[in-house]
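Participant: Combine both chains into one complex, guided by the hints.
Protein chains in written order, with our numbering: chain H, -13 to 124; chain W, 9 to 446.
Honestly, the hints are just simulated from the structure, not real lab data. All the pointers check out, no bait thrown in.
Have a look at the derived ranges for each label pair, beta carbon to beta carbon:
1. 21(H) x 335(W): 54 to 62 Å
2. 77(W) x 114(H): 48 to 56 Å
3. 123(H) x 348(W): 39 to 47 Å
4. 305(W) x 123(H): 51 to 59 Å
Computed list of lysine to aspartate or glutamate pairs in EDC-like fashion (alpha-carbon distance at most 16 Å, straight line):
5. 145(W) x 48(H)
6. 40(H) x 177(W)
7. 61(H) x 87(H)
8. 46(H) x 140(W)
9. 39(H) x 140(W)
10. 112(H) x 43(H)
11. 208(W) x -9(H)
12. 438(W) x -9(H)
From a predicted model like this one, the values you see are computed outputs, not experimental measurements. From the three backbone atoms N, C-alpha and C, an ideal C-beta is built for every residue, glycine too.
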Amino acid sequence: MKISDNFVCGLVFVLLFIFSFQYLSLLIKVPFSLLFVPYRQVNMFESKSAVLKKNRDFFKGEKYVGYISDVDSEKVFLQSDSIFDFFSAQYAIVPSILVNDTEEKYVIGIFYGKDFEQKNMKLLKKLDNRTYIFEGTK
Amino acid sequence: MIGFLGFLYSVFTALFFGMINKEKEFRWFFAIPLGFGFCSVLYFLFLLTGICNINIYKIFEFLLIIGLGFVIFTNKKYHNLQFKLPEKISLPLACANLLALMIFLKFYINSPLGNWDGFRMWNTKAEFMFRDITLWKNMFLQPHFLSHNDYPLFVPSSIARIWQYAGSDNSVFNAIFCMLFTFGIIYFLYFAVKYFKNNKLAMLVTLILMLAPAFLVKGAAQCADIPLAYFILSSIVAMFLYFEKKQSSFLVLSTVFAGFCGWVKNEGLMFFAIFLMVLTAYFLIKKYYKQIGIIFLSALPCVILIGIFKAICKTPNDLIQGFFVLKSYTHLFQPHYYLMIIKTFVHMFIERFAILFVSIVLMLKGFSVPVKIKTPLILSGTIFILTCGGYFMTYVLSPHDLDWLLTYSLDRIILHVLPLFLFLYALCLKIGQEDTEN
Chain H
-13 MKISDNFVCG LVFVLLFIFS FQYLSLLIKV PFSLLFVPYR QVNMFESKSA
37 VLKKNRDFFK GEKYVGYISD VDSEKVFLQS DSIFDFFSAQ YAIVPSILVN
87 DTEEKYVIGI FYGKDFEQKN MKLLKKLDNR TYIFEGTK
Chain W
9 MIGFLGFLYS VFTALFFGMI NKEKEFRWFF AIPLGFGFCS VLYFLFLLTG
59 ICNINIYKIF EFLLIIGLGF VIFTNKKYHN LQFKLPEKIS LPLACANLLA
109 LMIFLKFYIN SPLGNWDGFR MWNTKAEFMF RDITLWKNMF LQPHFLSHND
159 YPLFVPSSIA RIWQYAGSDN SVFNAIFCML FTFGIIYFLY FAVKYFKNNK
209 LAMLVTLILM LAPAFLVKGA AQCADIPLAY FILSSIVAMF LYFEKKQSSF
259 LVLSTVFAGF CGWVKNEGLM FFAIFLMVLT AYFLIKKYYK QIGIIFLSAL
309 PCVILIGIFK AICKTPNDLI QGFFVLKSYT HLFQPHYYLM IIKTFVHMFI
359 ERFAILFVSI VLMLKGFSVP VKIKTPLILS GTIFILTCGG YFMTYVLSPH
409 DLDWLLTYSL DRIILHVLPL FLFLYALCLK IGQEDTEN
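For reference, chain W alone in the conformation it holds in the complex (with noise of 0.2 Å):
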């Protein structure tokens, strides 16, 4: 009992900081990847300092809330800090809503420890973050290539803080985390695509995605897919956000977010890399140099903190090392690669992802992108290209059994960009709007 409440207490401290997000709207949906994300990494910087005493990290952490608090309620722009629930959840999302938490309870079950990357490699370095914080280095020394040293620690760290809350490395409390980036992320697209269109179209595009196995496995799955699609997710809303307010702090929280994705998995550094190229080639051809600085600024500290992860883990990626130490690179002029990866994608799509077949229906209305969202629309197109382009080039140009990589890994990065191409996607229908026949 003790050990729940640990937990809770670990959990709402995590939203807590979270909430400094200015959004009304979203303010609950942000909070949970900016809130753990900071809260992962003020753990991390914990560990580097090298203190034995895990309690001066809960008393640094509560003196910090104490300060958020009394910033928050001194604060009059922070005053409003009510959470938005709809006025009504339909009876169809609500049912979908119970079978969704069953197939996310029935993979728990079957795999209460993660599935085998799960466990393998984000469990196993949380058990190294909390098991005995002065050894917790002892990771990177793991001496097979499937222990991945060099993957970022966003899940593990914060996993690991809430086991010193919760006193015990209880899985329950790994599937509950899970479960709140998983259903957090159907949720906060419901909310998103709601805001930009409208309520019948965020319902439609929302039960495709919450009904999807592949998306609720992989959730229970206790690794960190899901938790980047959320920070992707996070930072293409922030940045719609900033186009329709005009206001820094939501290019600044956009940044942030893009920034946490490469913190989460080294594919997120992709994403990271993408999203700076494409706003920054944006904002020079507007000549908006003072929101080139913004962002900069912002990403600055991400780019830190990973620099400073990459120094301690001294592992090379398997893929660098590889296009340089194995040439890889010679890949790039085998067509067989190509197509491998293309008849890959298209048999598990089908076999994994079928249900997706269901929004081609939505097309039937036809497409309708209001003026206003025409901007973001057309940035965050162009990330998404680009970072699927990403993807492809990554296997094209990696150095391992291209079958075995493709069967283990292709349905977890569909599931990356799934939630960001569903939101997209879902900006240029038309369903649900004043002009249509509803």
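So that you can see chain H by itself, here it is in the shape it has in the complex (with noise of 0.2 Å):
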């Protein structure tokens, strides 16, 4: 028996079309949060990122920038939010490069708790109620 082309494409597009019919509602969606949603801010990345982005004349002129957080800093690259706070702040302050400790001039905080009055660092500045500026111990 001889199949013809016009067997094999239609299989094709009723296959595809079963694979592809769970993002037809996308035709919907998508225009709709381009529009009326505003996805930049909501994005982890971008909220995590703002504040610091907004501050970063603070570190003008400073090659590294300290880093510290309610994760002890020999964990801080083995837990996932952790990783995500160092490499956003790092990502706000570009020129400057963070290194994970407070030997620096400044030392960025992150905390999500109260844990950073117990760290004995300066306050210098207060940016949300998550981020902290510090000054550090060089």
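Facilitator: This is the structure in structure tokens:
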């Protein structure tokens, strides 16, 4: 039995339609989101880095900036939320380089609780409820 | 508005640089990787000079465009700059394109700054190359290995250059840049298959790629994977054109694209090496020594560029370091590494690339390879198999936790070679030929 091209094309179209059916609603959802949803503001990286980005001039001229958080320094790169926080801060303060210690002139602190009060660091600026700039030990 | 005009200017100038290739059929498709590749190198070299004023770069680039324009419009062989649009884009292709665009935009809306890799590595590096051009080398001082300081700079340099013209680091520009590569490669595949085979087959294969969510997600992720796939496909298509037209310029173009792969990602270096090895071996067997010379002369600037970059970044590659320091070569004798890779591949393929199973239907009509493309097909098939083998061994020899590495990278690795696979696969199929029942 010979198989025609049209049969193969039809079969491919049907299968692709079945596979893509779940995405059809995007034809309405996506234009709506683009027009009416503040998708950039609610993005995790954007929201984490926005406040530091606004204050990046604070670190002008500093090659290295320290980092402290309510995660122990040796565990900063072991927990996904902590890694997100660290690299969001790094993104925001470019061209300065973020290092995971407090032996710099300025130290960025990301604290979700009140732990920073126990760190005995001199607070220079509170940027929002979780982002702080401390004086480092340099 | 001015920012968007600046963005448009940066894109059109890049495409203009890319038009220096001679192929009429694929001129604009080659122009995307070639133009952005050239501009990224130009921007990188400018930063290397240490000149603090970005306007000097802009003036220099403008003068280059004037010079190139003069060459193009005074040289007869470059006169024909038309772009061949298909006479009629079929309805299924148009509908699929609309849906693919929505899927792409959905993932852009979810991650406007790129996915985790796009944000952490590529966009952060682009910030370094944009924010303060006197301190851009700071990017190589980032202390943690997750920054991957040794990754090549095609994407960061291209994005930073676009931002310089646009005057801001708005992520919309990144998204459009990524869209250009994502949809560019889709239509490039369409035109390439149509050129070497036929329209019907081209449409079917393109539809499968176009509606693969994993492909569109990574396209919107603002990573270097889809651009790498584009460079790989361009290199192979240019090689096919060389064997068809016997013009050395296509061999040069093919090698330059392969060289650029090493400027896009470290994985591209492996493709570059395999490409050189396979073509050199072929020309040695055939005793075409002139072609070997052409390949190596074309590859030389890319090798120098990558050498300069590696010398500047001064960051050892984690894989090479792991091989010697952590003795990861011992993995070679541990079968569970091989099994885990195969198991994850099968699992991931079913989970994220299930749509590719549709391509099996295309086999119903059987296979047929035109004689005129047999040689490049064998060569590119060899390159494809060796590249896949290279990726496999990269996983085996990786010093990192294999389960973690496979989970977060295997889908991207598959995407590097997916358009190439579909292209080669389509060339072997029988659909749409005159000798079949249509």
